[in-house]
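Letter by letter, the chains look like this.
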Amino acid sequence: MYHLVMSRRILSSCILVLQATNQRLCSSNGGLHPKIPRKPTWKEINSTNLPKEPVIDEQTIQRLERLALVDFNNVAGIQRLTEAIKLADQIQMVDTTGVEPLDSVLEDRTLYLREDEVTEGNCAEEILQNAAKTCEEYFVAPPGNIPLPPKPVARYDGHQSDEQDCS
Amino acid sequence: MAAPTLEIKTLGLGLRLSSKGASNRLTNRSLRILFTRASRCKTTSTMLRPRLSKDSSAWESVIGLELHAQIASKSKLFSASKVQFMAPPNSLVSHFDAALPGTLPVLNKRCVEAGVITAIALSCHINKRSLFDRKHYFYADLPSGYQITQQRVPIATDGQLTFTLFDEKRRHDPTRHRVRIKQIQLEQDSGKSLHDDVNHETLVDLNRAGVGLMEIVTEPDLSSALEAAAMVRELQLILQCIGTCDGRMDQGSLRVDANVSVNRPGDPPGVRAEIKNINSIRFVKNAIDFEIARQTELLENGMEVSAETRSYDLKLGETVPMRDKEGKQDYRFMPEPNLPPLILYDNATIHTASDARSVVNIDEVRGRLPELPEAKRQRLVKDYGIRLDSAVKLVNEDGLVNFFEAVISEDRERDPKKVVNWLETELLKSLNDHDLPVFKSPMDPTKLGELHDLMTKGAISANIGKKLMAEIFQGDSRPITQIINEKGWAQITDRQELNQLCEQVLKKDQALVDSYKSGNTRVINRLMGEVQKMTQGRADPVITRDILTDKMTR
Numbered sequence: 001m002y003h004l005v006m007s008r009r010i011l012s013s014c015i016l017v018l019q020a021t022n023q024r025l026c027s028s029n030g031g032l033h034p035k036i037p038r039k040p041t042w043k044e045i046n047s048t049n050l051p052k053e054p055v056i057d058e059q060t061i062q063r064l065e066r067l068a069l070v071d072f073n074n075v076a077g078i079q080r081l082t083e084a085i086k087l088a089d090q091i092q093m094v095d096t097t098g099v100e101p102l103d104s105v106l107e108d109r110t111l112y113l114r115e116d117e118v119t120e121g122n123c124a125e126e127i128l129q130n131a132a133k134t135c136e137e138y139f140v141a142p143p144g145n146i147p148l149p150p151k152p153v154a155r156y157d158g159h160q161s162d163e164q165d166c167s
Numbered sequence: 001m002a003a004p005t006l007e008i009k010t011l012g013l014g015l016r017l018s019s020k021g022a023s024n025r026l027t028n029r030s031l032r033i034l035f036t037r038a039s040r041c042k043t044t045s046t047m048l049r050p051r052l053s054k055d056s057s058a059w060e061s062v063i064g065l066e067l068h069a070q071i072a073s074k075s076k077l078f079s080a081s082k083v084q085f086m087a088p089p090n091s092l093v094s095h096f097d098a099a100l101p102g103t104l105p106v107l108n109k110r111c112v113e114a115g116v117i118t119a120i121a122l123s124c125h126i127n128k129r130s131l132f133d134r135k136h137y138f139y140a141d142l143p144s145g146y147q148i149t150q151q152r153v154p155i156a157t158d159g160q161l162t163f164t165l166f167d168e169k170r171r172h173d174p175t176r177h178r179v180r181i182k183q184i185q186l187e188q189d190s191g192k193s194l195h196d197d198v199n200h201e202t203l204v205d206l207n208r209a210g211v212g213l214m215e216i217v218t219e220p221d222l223s224s225a226l227e228a229a230a231m232v233r234e235l236q237l238i239l240q241c242i243g244t245c246d247g248r249m250d251q252g253s254l255r256v257d258a259n260v261s262v263n264r265p266g267d268p269p270g271v272r273a274e275i276k277n278i279n280s281i282r283f284v285k286n287a288i289d290f291e292i293a294r295q296t297e298l299l300e301n302g303m304e305v306s307a308e309t310r311s312y313d314l315k316l317g318e319t320v321p322m323r324d325k326e327g328k329q330d331y332r333f334m335p336e337p338n339l340p341p342l343i344l345y346d347n348a349t350i351h352t353a354s355d356a357r358s359v360v361n362i363d364e365v366r367g368r369l370p371e372l373p374e375a376k377r378q379r380l381v382k383d384y385g386i387r388l389d390s391a392v393k394l395v396n397e398d399g400l401v402n403f404f405e406a407v408i409s410e411d412r413e414r415d416p417k418k419v420v421n422w423l424e425t426e427l428l429k430s431l432n433d434h435d436l437p438v439f440k441s442p443m444d445p446t447k448l449g450e451l452h453d454l455m456t457k458g459a460i461s462a463n464i465g466k467k468l469m470a471e472i473f474q475g476d477s478r479p480i481t482q483i484i485n486e487k488g489w490a491q492i493t494d495r496q497e498l499n500q501l502c503e504q505v506l507k508k509d510q511a512l513v514d515s516y517k518s519g520n521t522r523v524i525n526r527l528m529g530e531v532q533k534m535t536q537g538r539a540d541p542v543i544t545r546d547i548l549t550d551k552m553t554r
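These protein sequences, in sequence, are chains A and B.
Residues 1 to 167 in full-length UniProt numbering are what the first sequence lists, from first letter to last.
Residues 1 to 554 in full-length UniProt numbering are what the second sequence lists, from first letter to last.
With the rest of the complex left out, here is chain B (with noise of 0.2 angstroms):
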């Protein structure tokens, strides 16, 4: 009798998996989308917005995200279960997770480490001194009643944050802007519900329960979708590049909520909404958008935004208000009686630290802080003469820095610009083909130096490069000169061998032969492509030409 029931929760929650998972995939593209396809997303978020009268561009919007970061670490923040994805449900919960009475937090060091080294990379003022608090609410996936969190005193304050946004068509020159972050905390995670609909039940999965988070608060500095969409993604590299979130969007890693008002410029900002738990970029990119010109429309009606807390609904591209949680919330912060102020030390105040080893150096972490995206960026350009935009691509691909400078320096001689050119078009088309990351790629940097210098030096066609790069990645993993000869793929470079088939082209042709001489030399693309169609496209271009010119002038 009961096995009917269970299939149908199975299968409900397959769907919600697997739809996670289409999700997931939307994300991966997007990171790419923001820089190379910013275009595409406006027009996609345009026709979801709601329409405008006539003077919009007379308002203001002002935008201020809260962003969750959960930390990559091996435990949780307070107890010693793992931290880990998509594991089968509350087999990663302590004691402590639960709430079992009696049980006590113990500060993970790792956790903390992970604040320091972001509050450093985000230049913030770090408190040697910061304080645990407890904030209440009453939900199935909190089994404590509160979650401990740094309200008062938290890790690091003031800090900013810096990035580039590129008009994609070039019509612009990129423009730089800054973000002031108002703090870091760190809290814990909260476990997951399962809403089962057809059985109006909440399954509780605990596995997320007590996560190590990093809260991380911008004042607002934002004035548009964009801005926000761009800053969220230097965050996301940021925060990778120092190893302190994995940044995965679409498994929840990082989060981001958004306040968003509008308001007549030199206005004081108007009343603004809230959008919870948004899971991509391109997502924080449309629900901003849309949620400004709902603001607008309100308020160009003669109407008033209320101040109420939103989600994005991706079916529909539209905010929508949130079940209300019982008006305004209390949350009856406290101290939490069970955490002693969490004190940092520095090289000047360790020796009076009474466990050197069980306490936390300012400044032994940030020797350990590596190079951050920006700087990658000025030094890529400085170093190799690049252009800004490629750099911004290069590092936007976790490992094409290290491919691209591995290909350099193999060969000193190697035009960095082209062998940009060619990891940013051919490689990253390959590689998004097959979804790979650029460290899977079967196409190592020793093999894309080689098609590089094959195809500098005049060996092979770029359009046979194109062909080679699709056969590395269709598995064939011989060496490129084997896979060249085998196809009967170098270019022909040979004198005579070119003579003679442009000889067959002119005789074939005598019309185009006598409209060239007759002043109209744009006929020879003509001839050129006729030679390239009996060749497969292997000729030799520049002797090509050369030929066919010189038999026709003569």
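Same shape as in the complex, but just chain A (with noise of 0.2 angstroms):
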């Protein structure tokens, strides 16, 4: 829900570019970086130039069920997946021309080298404990990948809008 509530309060008006100020500094500002703002700034997006509503088909659906394990077969889910979808959209009116992607903000630090020694390891018991199924020190999985059973996928044309069906 925590997610659908957000997607929509932003949507209905527009997103925030620069920082999110709090109330309380910009008010005095006394002592704070100059490059703070007073005031919280932002630019209108129209509408009109985002990506289309994206419609999702069956095959996505149960695909990304498959991927996340997770089960959203239903309108309301369906609708708040098409709400983050519309949402990351937002983000192609930002232009990249000529910034080199960024992977993370270590970037620019050393990464750590180990000497190669053992210090780790000989705690089966342990690591054990988190398995649901064990046998003779061996984790217990079922065999292979085994596809889910399809089912009827749920629909939504993005219409339906405040119908909830959070079965």
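In case anyone wonders, no lab produced these hints; they're calculated from the structure.
For glycine and all other residues, C-beta sits at the position ideal for the given N, C-alpha and C.
It is possible that part of the hints are untrue.
[As the list claims (entries may be wrong)] Which residues of chain B face chain A? A few of them, derived with a C-beta cut under 7 angstroms, are:
(1) 73
(2) 92
(3) 203
(4) 205
(5) 340
(6) 358
(7) 375
(8) 378
Dock chain to chain to rebuild the complex, using the hints, since each chain is given by itself in its own frame.
Structural data, given as structure tokens:
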């Protein structure tokens, strides 16, 4: 639910482009970094420039359910997914021409290299405590990857709006 | 109540393990088979081939390999748990290996160095900045649901490997081949699954999960199964020589995937099939040979080759389709957020490193590169005047080059060709029969040198030499001369004694003497045989022949 409410509120108006600022800090601004703006600023997004609202097909839903092992095959679930995609699509409005992708904010840090010494392991009992089923110090899993049985997919056409179906 | 089930399971596992043991023996043999018994391999695999129609020669095959080499390190790639084959299940698993939340990868310096030195040995371009990525797939022996690998910027690219292909029957000259290495990437190994078909369960052992691998990818530069097998063998020798991988294919430390396609000459390469996880050099050859024949047959019958993953079934001697993993896999690659880029330094840049001890200096690693197998062969040929195929055999057997050089360096007068000949036939045969590696040979270089000298001097015959070798391998550790004296094996070189023996023989077989005198000089061999029979092969052949000839022509 949290996700849904969040995305709605943002969608209905606009997105914050610059730093979200704290009311209390802004009002005084005394002693604060000069780059912190006094008031929140934002830029309107022309919703006609946004990509079309996605239609999620049956295959995609089944595949996502399988990958995430999450059951969301109902109207509310698909609606939530659609909203999430719409929210993420707004980022396409940002012009990134000539900007190198950043993998991680730690990119300029040295990757620490460990000496090749054995200091871990030998804790099979502890590790196996997490298993639902074990046998002779082995984890027991189902045989191979078994595809989930297909089931009918719920439909969400984007206009059913507020119908809640959280069964 | 539970006891019987457990017993069955244990039995099932035991069977699987012992079948692994069996393939172990096969593989050990197969290492030698490649160069020494290539012809036999060929007949085996042609027998397994589907029958080919008339002009199968009008097809070309294109082969590229992906090899997974387990890095010989004490601890895993990103965790400090131990790397060991056949440890009790799940005893070598850290919290990180089990993908417990909150754990982070810490890269092993030794694994990075292994990647660098392998890259140098394969003449690769080394990326001074490489990146780690996550490759996602869902399987029980991959607890985190992704493998950390190097997809975008691997540690090394653009290398090459050259190898020599010998025609065992010596009908053709050896041919040199070059394979381009596309890239080397560091990545994690997965755990192991044991499939219990009786109980419909998978038993998961995470001991191997997170062990460092080098994935070595070649360009599709190979054109036959024999070339592919020879290339794998050469790579195996190089990795063992530089110590970055023990190369034990039977234990899974070196695994091969082969991409195979066939096409008409002049046409672009055909649709390729991938054969996964081939675990011996002999199977590399057999699997690819089979696959080429299978695809050729399909195409000749107007059918299409499907782009699929296959595995090699050793019982059938065929490649079979693998159970499809839900169509085309989407690995959802993404940058590994927990690892900054891996920066490598050289002598020129090492001063910029924040802590010179915990970084890898390419130039320093380069200085540790030992003499590679090909350089060693060339040196043996040049320095000792032995044949190239002898040099190949010496280098093929771990420790044999050192053994050979020890024998020669003890006495420079010894003939390298004769020593090599004795090593590659008698010593290797005895080692094989007793299933011993060179360094455990009861026959050490000093003893072998002594044996060689005794034979050269004519103090013992070559046959006795072989008998002595057998005695020593049976565990007789006394000095060689003592064994010879005790057994009365010394060659009879005393002219008088031999004279008497020859007279006895000649008296017995007057018919043969007459035959000789009438011009049939070859009967002397029969007479020689008689003398050797009387002396249990100890009569000096040169003197004996001399005496016999002398007596009969008088």
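Comparing the hints with the structure gives:
| no. | hint | verdict |
| --- | --- | --- |
| 1 | 73 | 5 angstroms, holds |
| 2 | 92 | 5 angstroms, holds |
| 3 | 203 | 4 angstroms, holds |
| 4 | 205 | 6 angstroms, holds |
| 5 | 340 | 5 angstroms, holds |
| 6 | 358 | 5 angstroms, holds |
| 7 | 375 | 28 angstroms, violated |
| 8 | 378 | 33 angstroms, violated |
Checked against the numbered hints given earlier, this structure breaks hints 7 and 8; the rest are met.
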